[in-house]
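Residue numbers (the numbering used here), protein chains in the order written: chain A, 5 to 245; chain B, 4 to 481; chain C, -14 to 607; chain D, 2 to 413; chain E, 93 to 269.
Derived by calculation from the structure, the hints in this document are not laboratory data.
Watch out, some of these pointers could steer you wrong.
To be verified - Simulated pairs of lysine-lysine, DSBU-like, Cα-Cα distance not exceeding 35 Å: (1) D:Lys299 - A:Lys11; (2) B:Lys403 - A:Lys8; (3) E:Lys240 - D:Lys48; (4) C:Lys243 - C:Lys314; (5) A:Lys89 - C:Lys187; (6) A:Lys11 - D:Lys200; (7) A:Lys89 - C:Lys194.
Listed here are the chains, written in short residue letters.
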Amino acid sequence: MAYKATKNPTTDLRERLFLPELLRGLAITTRHFLRNLFNPRDTNVHVVDRKGPNLVSTVSYPEEKTPYPPGYRGLHRLVPRDDGKPRCVACYMCATICPAQCIYIEAGEYETTDPSSESRVIEKYPTQFVIDELRCIVCGLCVDACPKDAIRMDTGLHTPSEYNRSGFVWDIPKLLQGPAVSHASDPWNKRASSATPPHQHHEPHTRIGEGLVPLKLPTGEQQKRTEVTDQAIPVTRFLKD
Amino acid sequence: MKALEVIIAIGVILGAIFGLSALAYALGGWIEAGFPFFGHRLVESGLPGWAWVSNMLILVLGFVMLIATFLTLAERKWSAMIQDRIGPNRATIDLPGLRGRPLGGVFHVATDALKMLTKEDFRPKVADALLFNLGPILAFAPVLALFAVVPVGPQVTVFGQRVGLQVANPDFGMLWVFAIASLAVYGTSLAGWASNNKFALLGGVRASSQMISYEVALGLGLVGVMMAFSSVRLPELIQGQTTHLWGGTVELPRLGAVNLGIPAWGLFLQPVGFIVFFAAAFAETKRAPFDVPEGESEIIGYFVEYSGMKFGLFMISEFAEVVILAAITTAIFLGGWNIGFGFDSTLTRALTQANLGWLLGAIYATVFWIKALLLCYLQLAIRWTFPRFRYDQIQSLGWKILLPIALANIFITGALILVDPSLRSLAVLGFVEIGFVLALTLRRPEPAGHEADDAHLPADAHGHAPPPLPGAAAASHH
Amino acid sequence: MSESDRKKPSGDAQPSPPGAPTVHPAAGTGPTPTNPPPSPTASGPRAGIEHQPPAAKPPIPPPTPGGKPTPKHPGFVTVTVDGKELVAKPGENMIDAVKKVGSDIPYYCYHHRLSIAANCRMCLVEVSNSPKLVPACQTPMAEGMVIHTNSPRVQEMQRAVMEFLLLNHPVDCAICDQAGECKLEDYYQRHDYRSSRLEGEKLMRAKRKVLGPTVVLDQERCVQCTRCVRFMAEVAREPQLGMFGRGSAEYIDTFPGKQLDSNYSGNTVDICPVGALLNRDFRFRARSWFLSAAPSVCTGCSRGCSTFVDFMGQDMYRYRPRENEQINKSWMCDQGRLSYKYVNQHRVAAVMLGRGEDRREATVPEALRSVAEQFKALAGTEGLAVLASPVASNEDLLATLSFARDALGVRSVFVSGRPGGAGDHYLMTPDKNPNRRGLEWIARGLDLALKPFSELAQAINSGKVKALYAIGGEVPVDPSLVAQGFARLEYLVLQASNESAITAQAQVLLPAAVHVEDEGTFTNLDGITQRFRRAYPPRADVKPHWAWAVALAREFGFPWAHASARDVFREWGPRVAELASFDWDGAAPPVKIARGLNPLPTAADGRPPGYREFGPPRDRGI
Amino acid sequence: MAHADEREIEEPPPDEDSELEAHLQTKRMMINLGPSHPAMHGTVRMKVELEGETIVHADLEIGFLHRGFQKSCENVTWNQCLPYTDRLNYVSAIMNNLGFLKAVEKLVGLEIPERAQYIRVAASELHRMHDHLTCVGAIGLELGGFSAFLYAIEGRELIMDRVSELTGARLTTTFGRVGGLNRDLPDGWVDRVYRTLDKIHELLGEVDGLLTNNRIFVDRMRGTGVITAQDALDFGFTGPCLRANGINYDVRKASPYWVYDRMNFDVPIGENGDNYDRYLMRMEELKQSEAIVRQSLKEAPPGPIIVDDWRIALPPKAEVYGTIEGVIAHFKLVMEGVPVPPGEVYDCTEAANGELGWYLVSDGSGRPYKVHVRAPGFAILSGVPRMIEGKMLADLIPTFDTINMIGGEVEQ
Amino acid sequence: MSLRALSLVQEKYPDAFVEQYTDRTGGAWGVLKAESLRPVLAHVKDDPQLDFKLFLSIDAVDRLQLPDNDPRFEVVYFLYSVTHHEHLRLKVRVGEATPEVPSVTSIFQGANWWERFVWDFYGIRFSGHPDLRRILMYEEFEGHPLRKDYPLRERQPLIPERPIRDIFRGPGTSGTA
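Excised from the complex, chain A in its bound form:
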């Protein structure tokens, strides 16, 4: 059911005479001009597809910012556990799936004598977790691939500029940020005591960044730590779970 969309405007007097169509064009631009001249610019960047009197949709970047939509792939973060250590167990899944090979991990082992009961459960942790943000292509596959919910791209940030390349190599101290996340299925939640919480198997169907179990929170100590984190990075930048 194709239709002929071609047309021949040269048969139209308006087109042949130059002027009418030119004037119509001028009318369009002048209408825009006048509308934008007399109407204040709406700086409400949330509504970018406005149809109001003023059409200017430019965002004056450093002063105004468009909010990142939920699920936007921003700068990585390593998700902390409640005790402030990374959730990451150095399984190398992200490094495996990264098409740009920008993730470098070295695994270490908690001492058997580690006083933390959680380390007894987890054994393994990343001694090095480095993301070369210059190499990163922000495809988000690492978030998909993480079996521990340990890496996320929900910071709503971009990589800040740096004067040398090594500044773009982000390691654990820089990556470990944002609110802590805890799942019922986490080993420390199951093993912390003999009265283990029931194993939740059929948690709601989740994809990246959605439907996560609410934060297991917080004792006084943890509360304090979380606040510190929040000062460093305003919590509003992080997406609601």
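Position chains B, C, D and E against the provided structure of chain A, taking the given hints into account.
Only chains B, C, D and E this time, still in chain A's reference frame:
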């Protein structure tokens, strides 16, 4: 709020123009009346008319250059508004009261100038040094000289002397414009050739051929007006346009006799001439849609190798041409400083009686510049609205369309003037032409052909009439 | 196909799942050839090891009715496997036999070098003479038996077994070293791929229990296949492991108060089909799927066990035994397993000139010029001696000794090499040099006399030997003592792979490649010559011994143009009687290199590829 | 280099007709357009031989943007190819993502859930609009009509906002996975899309008013860059460029995939095969796409967005976090990739510029053995010399614009 | 999909095909002898029953790592018929020693660039091609990158590469950069 800002801005602009005009009149009057010369005053020494010196300074360097300079800003700011952007808004001056206030980006003019002046003045090694340096000068100088014959304000009495805002009022009048305008081609073609760059050469060739082609239409477009007012001198053309075509004198209380007639502006008498002249002059300025010599997406242009202030000269000469074109068109087709519709006589009478000649002149000059600025906006809007012609289409527009139309226009105009020297029949023809174009413009275009053919398709298949959707209906745009 | 071959880091030993995975059966799975079969078969190109001899097709004898069926092929057992006829030797194991016709029976506890336990139940198949499903590993094949390895019943049973095995398995893939070479993973994905139905809690048992110097145990991950127990009892003959408890409380452990300290304990890690037993040396150092494997030979002792070298980038991570019926079966000792470390550590990286304070890095031509200058003067005199190490490969020795004979004019060669050590009851030998026999053969073939190291010491002390050309930096006595002796030498040219006290004494130190960095052969103490493959190229100026010899010879004016170890062997190999008949190309292990998962190139800015960006691997472990 | 010699012989001997011309010898001018030139989208170098302003001979040199797409894909798993496909036609990345996935799914023999099919259609058409808006805007830009460009870009920007809400990125979407999609529609997204479409409709009207009937524009476009239907087929033109010749070939109609057969839309065709018709094709397709987006979003049923087969799709995160079964499947998929059975397939979708064909060969491992992409732009670009030789230099500009060459897909 | 076309060609040129396949995805294709490539392609283009006028593309497959890899290369031609709405896939196999296939540029002009592509990336020559140059790689490039034995890490920069030093500082940069 925004409207207030706009009004303030307009007020500032008008105030500046008014002040500058008043200054020009006052200075001219003072020179004529009191400037010491050979120990005498000018009038006494028998050498009147030296006000052209101050006129030259204030009109050419003041008005033209200032407006051209600010047009560089306006081009960006206005185009931004046309295109739903913000435009320049960053440069601020770190002074008390100005801190953090970009004032609509007005300081960008200064930063632009600074940038132009401080950029590396680069010259390709293979370029011809002399001609390469000569290019921008030859492009810039004639443009300023053009303005010499344009009268900005009427002759009024200041300090007892008759002073007008015109640098020179030679007998050859408009011919000066034609003569000097054709000189600018040397600059561009030299620049294109001397750069020793194939793109620049193409640009230079395009520029020279385009400018030479449009000389003809440029001249012929004005012949009608010249015939109507039997003069080539611009003040006389303006004077002619102040006459009324129709309408009678009405006696009003306190204002006396007021002629509420339709003035004999060139636009009404010669709409075709106006179009031809405006198009041809536009082509002379080499701005879009006639910017094939530049053709930024094709050949980048004759000044591709220029940088710094040399490039700046090309640019500023372009803007100066815009101002001058606007001024000349105002003078010839929009009645110059003439307000029309009865205001002139009242105003003249009142202010002449009050012996405020400078005020009268300044008001008229302001009116003149308002008209010119509107034409400047028109040119800028055209530049940001229309696509570019193709090189050969420009030629065919000039030779095959504008030239025959101009010739036909001359013959018809001549005939009508011969038949009816009161110009009324000419004006009738003009109104008919304007009405015809406007009627065509305002008529809605027919719907595209295919929709009629495929009437059997459901409406939403074409996306024009989608069914009401809950989301779309509920969507509020704050 | 041996067990050790299966445990390869890449997917080469794991044929892709049969048929297309589909949720829409109508879409059709298998290719339908109108003419010949369409493109590639399931085994893929990297399944090079797997060799499938075509089933023999003798004439079909007439069927005999009634009673015990007459053998279709006398002397053989003829069965039908998934509709295909299989002719097997009597007593052949069903699991191994059905592979010949392309069927694949999954299993955990079966190992062809261990006794049959039949306790994992994964290999259950449907056979015609039993109403129930029978374990394939334990069931002898009877004439005329019809076996279904893939029937719905079998599939359902495999699913059920997988579900049982995973019931108590911890969610540990993320921290388990076995991930990527784990049979649970393979079989789950192939036979189960369903979600968990477990409602209760998993059993919790000891995690990270250190069993001995080599092995760490995670009892939660164990599937109680008892392969390790059987191995220690039957092969290593050091029964140090046992099963304890009963039913769901059953677990593997060492006997109370004992350690798993056998020299063969590392093999239990290899044969463990899951991640219960893990190697402490390799633990957490790399993920198995990043590792590439190249067939090689262990250089730990003169046994010369066939191995796989697992490497990533230009670093080696571990040895794994490679099946070799003649030498090491499927096993290797722990000492040999750890002997790889010298490949990564303390390597000579650059050409060095001068001794003591004059020592400086030099370019290769500079060093070669210097050597030629000095040696030309001494060539053919008593003052120039040559020291050869039995750690070098045959090709290295062929080229270097030929150079020594032809260019340096020596008639005898001193022998260095690693000091001897302990042997054991099974594989490990006291002689720690992998190629002593090869050196002997080559010296004989090149008419060179071999002299012991002690004579060299005397000769140096007496001042008879002024200059020495040493191939290999290993010495049989304390290196610092040797270094003192070598300090008396006027000129020492040393081709060494690792830094030691001796390398400090070399006027010209030429960095030598080790065996994983080049192709070549070793001859073990039994006179068995084995080819090994190159895993990765050497770094920077590092060259194999033979390449240095060739370069030096060219500097001496010899028109040698050998570009590879193969060229070297072709030239001089035939002169050695014992090596003359050796088929160098034919003896190459069939797998060139099993690629790791991510062999992506270096970044555009010239950085080395991803994972080992920041230097050599570190030593870690418990 | 025998072929080079032949070419030189083929050149016509210099014209020695008149004595006058012998004196007035003119040389052809050779100029280099690109690789960095405003008219050369991406980085294409064109060696143009000019006689005056007329192009006598044009030779395109491409490859400045070559990134080794095929070789890269051969060494990663099937899903890991997605970021590479993003960068083919980066103006309509989703269509590349989904087209590739469709081919892989065909090779596997998968049928994806219905909701995923609807969302795929909607996302594809959104990106078709994105692509066409860019093209139409670029035509305006490079012909000097800057306002039309910015109006189109404003619409494009809105689509980018919607796409970033949907996929998490504005340009390089990496959207979809083998077997379905990686994420569902965000909350309130559908309404925002409807509003966006309204706005785009308005903007398009303005672009239309500025360009379509403007005589300057029409003169630049009509009768320039003409290619005959025969040549267009010969060169392998597809998409709007082929339909501008009056040939009714649209993969969405010829062999409907996903739920395109349930969509109510039409295929515009032209007749002249010139720049103007190609421009009109895109303007019309924008309207058609708008209708498809509206329809597909309206009709999309609830349900799963990816197949529930853990050999193909990653298990739900809760299963991965909590059960060994989930984590095993997750590991196997990440380590080894989707086990695509051995075989080969040619599959195509209608991308913004034409038939986006994929010829995939699998050897049964988790990684592609061969990924051939039949980028529509490559074929169309190869026909450009034919379209501009004998025409004026300035005609090059609209021709290059209307074929909408995207360096990323042409140069792989 | 194009079984009909294959059988029509088979009728006209009984000896043209080496093999024909249909696969589980519903695709059908035929392997042609090199010498019958040009006649067959000309035929399928011009015969109104076939009418494969739309030239889609050409590519090659290096079958080095596939089990059946002799001859090594396979040049694949993709055609489409806009009247019958059918795809057609034809192949020609060519060995490693002298990889040369007759060019079809005189039949389909669009083959020009694709043949250059195949030459560039697989090193298969097309005899009779008017201008067989590399297309995406630069002229100085050695080797043919899509061959399976072309090493993935091979780099042939025209401009010498300068290693970037500061990246080698390694991790731990959040402290002192």
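Status of the hints after comparison with the structure:
With a C-alpha separation of about 32 Å, the suggested pair Lys299 of chain D and Lys11 of chain A falls inside the 35 Å cut-off, and the hint holds. Proposed proximity of Lys403 of chain B and Lys8 of chain A is supported: the alpha carbons are some 33 Å apart, at most 35 Å. As the CA atoms of Lys240 of chain E and Lys48 of chain D are separated by approximately 33 Å, the hinted pair is consistent with the 35 Å bound. Taken as a hint, the Lys243 of chain C and Lys314 of chain C pair is honoured in the structure, with Cα atoms around 27 Å apart against an allowance of 35 Å.
A distance of roughly 26 Å separates the Cα atoms of Lys89 of chain A and Lys187 of chain C; the hinted pair therefore holds under the 35 Å criterion. Distance restraint check for Lys11 of chain A and Lys200 of chain D: the Cα-Cα separation of roughly 25 Å lies within the 35 Å cut-off, and the hinted pair is therefore satisfied. A distance of roughly 24 Å separates the Cα atoms of Lys89 of chain A and Lys194 of chain C; the hinted pair therefore holds under the 35 Å criterion.
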